[in-house]
Every structure is written in structure tokens, then in C-alpha cells.
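There are 2 protein chains.
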Amino acid sequence: MKSVTVYDIAKEANVSVATVSRVLNNTAPVKASTRERIQGLINKYQFQPNALARSLIKKETGMIGIILPDITNPFFPEVLAGLEQEARKQGYTFFLCDTGSSNLDIKEQYKRESQYLNILLEKQVDGIIMLGGRIDLHKCPKEMAKEVAEINKRVPLVFINGNLPGAKFHRVVIDEVAGGRMVTEHLIGLGHRDIAFIGGYPQMSNTVGRLEGFRAAMADAGLTVHEDWIDHGGFSVQRGKNMMGRLLDMEGDRPTAVVCANDLVGIGAIKAAVKAGLQVPRDISITGVDGVPLAASVIPELTTMSLRCLELGRSAAFVMHQLISKSADVNLLTTLTPELTIRESTAPPPSRK
Amino acid sequence: MKSVTVYDIAKEANVSVATVSRVLNNTAPVKASTRERIQGLINKYQFQPNALARSLIKKETGMIGIILPDITNPFFPEVLAGLEQEARKQGYTFFLCDTGSSNLDIKEQYKRESQYLNILLEKQVDGIIMLGGRIDLHKCPKEMAKEVAEINKRVPLVFINGNLPGAKFHRVVIDEVAGGRMVTEHLIGLGHRDIAFIGGYPQMSNTVGRLEGFRAAMADAGLTVHEDWIDHGGFSVQRGKNMMGRLLDMEGDRPTAVVCANDLVGIGAIKAAVKAGLQVPRDISITGVDGVPLAASVIPELTTMSLRCLELGRSAAFVMHQLISKSADVNLLTTLTPELTIRESTAPPPSRK
DNA sequence: GTGAAAGCGCTAACAG
DNA sequence: CTGTTAGCGCTTTCAC
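First to last, the protein sequences are chains A and B. 1 is the number of the first residue of the first sequence in full-length UniProt numbering; add one for each residue after it. 1 is the number of the first residue of the second sequence in full-length UniProt numbering; add one for each residue after it.
No lab work stands behind these hints, which were simulated from the structure alone. Being a predicted model, the structure only gives us computed values, none of them experimental. Note that the Cβ used here is the ideal one computed from N, Cα and C, for glycine as well. Any given hint might turn out to be false.
[As the list claims (entries may be wrong)] Which bits of chain B does chain A cover? Going by a derived footprint, with three or more residues having C-beta under 8 Å, they are: (1) 78-87; (2) 93-104; (3) 292-305.
Throw the hints in and build the complete structure from the sequences for me.
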């Protein structure tokens with residue numbers, strides 16, 4: 001099972017390893033006849049140069065590490081697809097590190113992030129892209145931020161939709177505030193005045209941003225926000241159901257529209273509403289945020305803010321490539337504007353008696 | 001930006017590199033005092049041993065390559081999560097190769113598979129796991145199968161839900177025929193006699209298997225299958241809509257139940273049915289296959305055959321680990337039985353006049 | 001316990 | 001055009 005090396009090829013071709021290396025990388029002219037002889041042997045033995053040895057000396061591996069919290073959340077595969085599309089052209093390959101947060105306590109998750117960060121460093125990846133986890137924290141503990149800052153000194157680092165205090169990082173982000181604002185304005189434009197906001201976590205910056213946009217839109221329209229109608233508690237369908245259920249169970253007036261922190265919560269909210277005997281959007285309008293394909297698959301199809309996942313991925317790959325190839329003036333911050341996608345889950349409020 | 005090496009540590013600690021290596025791997029006893037001195041320096045410089053150099057000599061990288069056709073299809077992240085869960089314990093990390101088939105012509109996809117296979121070999125991964133693509137073909141062209149057989153000689157290879165002619169491969173599969181049969185029997189048990197089957201591709205073995213199970217269940221119940229009601233054409237929500245639309249537009253009798261080749265098609269079918277003014281399951285029952293979380297998110301929730309994606313992933317990781325650690329008697333074939341998940345999209349047929 | 005030295009498989013000067 | 005040689009950073013005999 002001994003694998004063949006440049007030496008084996010060289011010997012059989014009666015040349016030196018240098019020449020073999022030359023045809024492999026065509027890094028210098030080689031006489032046509034010897035080149036063909038060597039190429040023939042390469043094919044004959046299906047010779048594959050050992051990338052480890054090559055990377056060891058060239059100090060580049062063509063590998064990009066990706067750290068994300070949960071591949072099972074459809075947002076991430078979507079971003080990943082964008083990353084792959086762009087990075088493949090440049091010849092990069094991906095190291096996928098899923099911290100598997102979905103069934104983990106939060107501290108364990110951050111520990112895994114640290115572990116993976118170190119593993120990626122040891123594997124000599126050319127760059128690391130982070131999504132979710134600690135970079136999503138509205139206020140990240142100093143120690144955890146510092147660790148990442150240290151790593152940023154050793155290898156190119158790009159954040160997608162996140163940030164960390166205490167240092168400057170390269171980031172590709174969607175404008176969360178604009179997203180929250182636009183979706184709320186859509187509802188207000190439809191005639192809604194009593195609007196709730198559910199989902200997410202108050203300690204996460206995406207939630208904070210979306211909520212801030214929501215408040216801004218309400219304020220601009222001269223509407224007051226019912227603090228009772230603001231609820232947090234997660235990003236899953238199940239959590240969406242729970243929060244919506246709670247909202248519907250409340251005494252007194254009901255909102256005529258609900259802004260959900262993401263699509264999964266939006267879907268859960270629709271389910272809870274339907275279960276409570278309401279019709280969406282006739283009785284209540286519901287919106288999501290993310291724009292994952294899933295949102296177009298439910299009935300009624302979810303009106304949402306597309307976070308343009310694919311482009312987010314592509315942009316990040318682009319920034320990473322610039323960083324790796326040491327281009328001058330790489331933008332520290334790339335901001336994308338989300339896109340309102342109006343579908344079937346929103347309509348004017350039921351007319352009041 | 002020069003990174004520190006064992007030599008730097010050794011010099012400053014006044015020991016040889018061998019000793020540093022010993023404390024790094026504790027591969028031999030080292031005097032407590034020198035060990036501490038060295039450990040101190042390691043911490044001080046945040047020294048990370050270069051995994052490339054290490055792998056070069058140890059001939060193992062702890063990396064497993066994964067080749068899959070489309071990370072955007074929720075089936076794959078689910079399997080991936082299972083893989084990760086199991087493989088993390090063993091200290092493996094993943095190389096993700098998405099051939100991005102969703103927006104590719106089919107030939108291009110196979111070419112990418114070949115490319116990735118080669119890249120993974122060069123990167124010296126300890127093993128390769130394949131999902132989808134050519135291993136899903138009912139009849140894979142000889143050349144394409146042979147290429148994979150060659151690779152199987154050089155590095156451990158595991159297929160998830162697939163196979164290739166001309167050689168023996170290690171495989172972890174779900175019993176597709178049983179799946180098709182069980183879901184059909186569920187419908188028959190409910191009283192359905194007029195059942196359609198839509199989705200998938202006739203050249204793919206999963207479709208062939210599911211359809212075979214469908215036919216077997218029908219035959220066992222003494223029911224005849226309407227060949228007109230068997231339609232193929234893909235695995236996406238959109239395709240499901242199209243196929244279901246076609247079915248509903250047909251002259252003559254209508255089926256009272258539809259077995260869909262996967263969950264996405266099932267969701268598309270529900271959408272088409274609802275759009276046509278039918279109620280699911282009152283007027284028509286619809287089932288899926290896959291058991292992705294999404295299937296539980298739609299309204300009505302989709303009755304489906306769970307392919308037990310997580311376990312599929314875990315089993316594959318387990319088999320791979322055995323292969324890598326050269327355990328004796330690794331099972332060539334691991335078969336899981338799918339699980340019927342009854343939800344809301346199936347009910348007895350409407351009573352006839 | 002510890003050090004010297006020989007590679008792992010490849011690339012990159014530097015000579016010819 | 002081509003060969004010689006010195007490493008990349010680490011592990012691992014084999015001595016001491």
C-alpha cells in the first residue's frame with residue numbers, strides 16, 4: 001500500500017525530482033519529450049502529489065475553516081452554498097466545524113468554538129470564517145473576545161453577521177436594523193397599528209438590531225409599542241409556536257400583526273395561530289426574517305426579510321480571498337441591505353367594528 | 001509573523017526538540033521540572049504544533065472528506081449533524097465538498113465529484129464519505145464506477161444510501177423498499193385503493209426502491225396500480241407542485257392518496273392540492289419520505305417515512321472509524337429500517353357516493 | 001530521562 | 001533545460 005512519490009516517478013523516468021516537480025506545477029520549462037515521459041508515469045501510477053508536504057513548504061493550504069453553530073438551521077447551509085460558489089473558483093476547500101449548539105448548553109458551545117479555532121490553526125488553514133456563536137452576542141465576555149482577537153493576528157478572519165468588542169475584525173453583515181424597520185413599515189403601510197414582536201434572544205445582537213428597527217419604524221409612524229407584546233425565547237419553530245401561543249392567550253386586545261425574529265419562529269407562529277382558529281393573513285398578519293427557501297414552502301407562504309444568505313456567503317468568500325492574497329485596502333466592513341419579500345402571510349388588518 | 005516551532009521552544013528551554021515533542025504527545029516520560037518548563041513556554045507563545053508536519057510523518061490527518069450533492073437540501077445537513085456528533089468523539093474533523101448540483105447540469109456534477117475525490121486524496125484525508133451523486137444512480141456508467149473503485153483501494157470509503165457496480169463498497173443505507181412499502185400500507189390500511197406515486201427520478205436507485213415498495217404493497221393488497229398515476233421529475237418543492245398539478249388535471253378518476261418520493265415533493269403536492277381547492281387530508285391524503293424537520297413545520301404536518309438521517313450519519317461515522325482504525329470484520333452493509341411518522345396529511349378517503 | 005540524526009514528500013534556490 | 005541540495009516542522013529510532 002506504499003504510495004508513490006516524486007522519487008518513484010523521477011527514478012523510473014530517469015530524471016531528478018526537481019524535474020518531476022516542474023511538470024507537476026509547471027513552474028519552469030521542461031523539454032517536451034521528458035515532460036511527456038513524466039506525465040505518462042504520473043497517469044500510469046495515478047500519482048497524486050501529497051498536499052501536506054507541499055503545503056508544509058509553501059505555507060499555504062488552500063483550506064478555509066468555517067465555524068458555525070448549527071448546520072441544521074437552514075440559514076447556514078444557504079450561506080455555505082454561497083461561500084462554496086465563490087471560493088471554489090479560487091480553488092479553496094472547506095473545513096466544516098459545527099459546534100452543534102442545537103443540543104448543547106451554551107457554555108459547552110463556546111468551549112467547542114475555542115477547540116475548533118485551535119484545531120483550525122494547527123491544520124494551518126489559510127483563513128477562518130465565523131458565523132453565529134459568540135460573535136452574535138450583544139455583549140461578549142472580554143476573555144472570549146480576546147481569544148478571537150489573538151487568532152485574528154495569526155490568520156485571516158472574517159465574521160458573517162457578527163462582531164466582537166476590543167478589536168477590529170473583517171466583517172460581512174446584513175443591516176439588521178434596516179431589516180426590522182422595513183418589515184415593520186410594510187405592516188404599517190398595510191394599515192396595522194397593533195404590532196407585536198416575538199422571537200430571538202435579547203442578548204443576541206441580531207435580535208437587538210431587528211427589534212431596534214421595529215421600534216424605529218413604530219416611532220416614525222407615531223405608534224406606541226406594547227411592551228407586553230415583545231417576547232423573546234429562541235429561533236426554532238417550536239419556540240415560535242410557544243411564544244405565539246402565549247401572545248394569543250393574553251387578556252385584552254390582540255395585535256393584528258406579528259413581526260417574528262426569524263423565519264422558523266414565523267412558521268411556528270403561523271401554526272399556533274391556525275391552531276387557535278385564526279386565519280392567516282385574514283385575521284392576523286405574520287412576518288419572518290431570513291428568507292430561507294422553507295419560508296416559501298409553508299401555507300400560507302411567509303412574507304419575510306431576505307437576508308440574502310447566498311450573497312452573504314459569496315461576499316465573505318470574496319473578502320477572505322482578498323485577505324489571503326494580501327490585497328491592499330480590504331474593506332473592514334461589507335454591509336448588505338436585506339430585501340423585503342412579500343408573500344401571502346400579510347394583509348390589511350381585519351376592519352374593526 | 002514567523003510562527004514558533006518546536007525548535008524555538010527547545011532552544012529557550014535548553015532541551016532538544018525530541019523532548020519538546022515528548023511533552024507535546026506525552027509519548028515518553030519527561031522529568032517533571034523540564035516538562036513544566038517546556039509547558040510554560042508552550043503557553044507563553046501559544047505554541048500550536050503544525051499539524052501538516054505531524055501528519056506528514058504519522059500518515060494520518062484526522063480529516064474525513066464528505067462529498068455531497070447539495071447542502072441546501074435539508075436531508076444532507078441532517079445527516080451531517082449525525083456524522084459530526086459521532087466523529088467528533090473520535091477527534092475527526094470534516095472536509096466538506098458540495099458539488100452544488102442544484103444549479104448544475106448533471107455531467108458537470110460528476111466532474112466535480114471526480115475533482116473533489118482527487119483533492120481529498122491529495123489532502124491525505126483518512127477517509128471519504130459519499131452521499132448522492134453517482135452512487136445514487138440506478139445504473140452508473142462503468143467508467144464512473146471504476147474511478148471510485150480505484151479510490152476505494154487507496155483510502156477507506158463509505159457510501160451513505162448508495163451503491164456502485166463492479167466492486168464491493170462499505171455502505172450504510174436505509175431500506176428504501178421497506179420505506180415505500182410501509183408508507184403505502186399505511187394508506188391502504190386507512191382504506192385507500194386509488195393511490196398515486198410521484199417524484200424522484202427513474203434513473204435513481206432511491207426512487208426505484210421506493211417505487212418498488214409501493215408496487216409490492218399494492219400487489220399484496222390486491223390493488224392495481226394506475227400507471228398513469230406514476231410520475232417522476234425531481235425532488236424539489238417546485239417539482240412536487242408541478243407533478244401534483246398534472247395529476248389533478250387528468251381526466252377521469254382521481255387518486256385519493258399520493259405517495260411522494262420525498263418530503264419536499266410532498267410539500268409541493270400539498271400546496272398544489274390546496275391551490276386546486278382541495279383539503280388535505282379530507283379530500284386527498286399525501287405522504288412524504290425523508291423525515292426532515294421541515295416536514296413537521298408545514299400545515300398540515302406531513303405524514304412521512306423518516307429515513308433517520310441522524311442515525312444514518314452516526315452509523316456512517318462509526319463504520320468509517322472502524323475502517324480507519326483497521327478493526328477486523330467491519331460490516332460491508334449496514335441497513336437501517338425507516339420509521340413511519342404519522343402526522344396530519346393522511347386520513348381515510350372521502351366516502352364515495 | 002534526554003539528545004542526535006534521519007527522515008515524511010515536496011519545492012526552491014543555485015549551479016551547471 | 002536539468003540535477004543537487006537544503007530545508008518546511010515534526011516524530012521517532014537509537015544511543016547514551
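How the hints compare with the structure:
1. Only residues whose C-beta sits within less than 8 Å of a C-beta in chain A count toward coverage, and the region 78-87 of chain B has 5 of them, enough to reach three; the restraint holds.
2. Three residues within the 8 Å Cβ limit are the bar, and the region 93-104 of chain B against chain A gives 8, so the coverage statement holds.
3. With a threshold of 8 Å between beta carbons, the proposed coverage of the region 292-305 of chain B by chain A holds, since 6 of its residues qualify and at least three are required.
No hint from the list above goes unmet by this structure.
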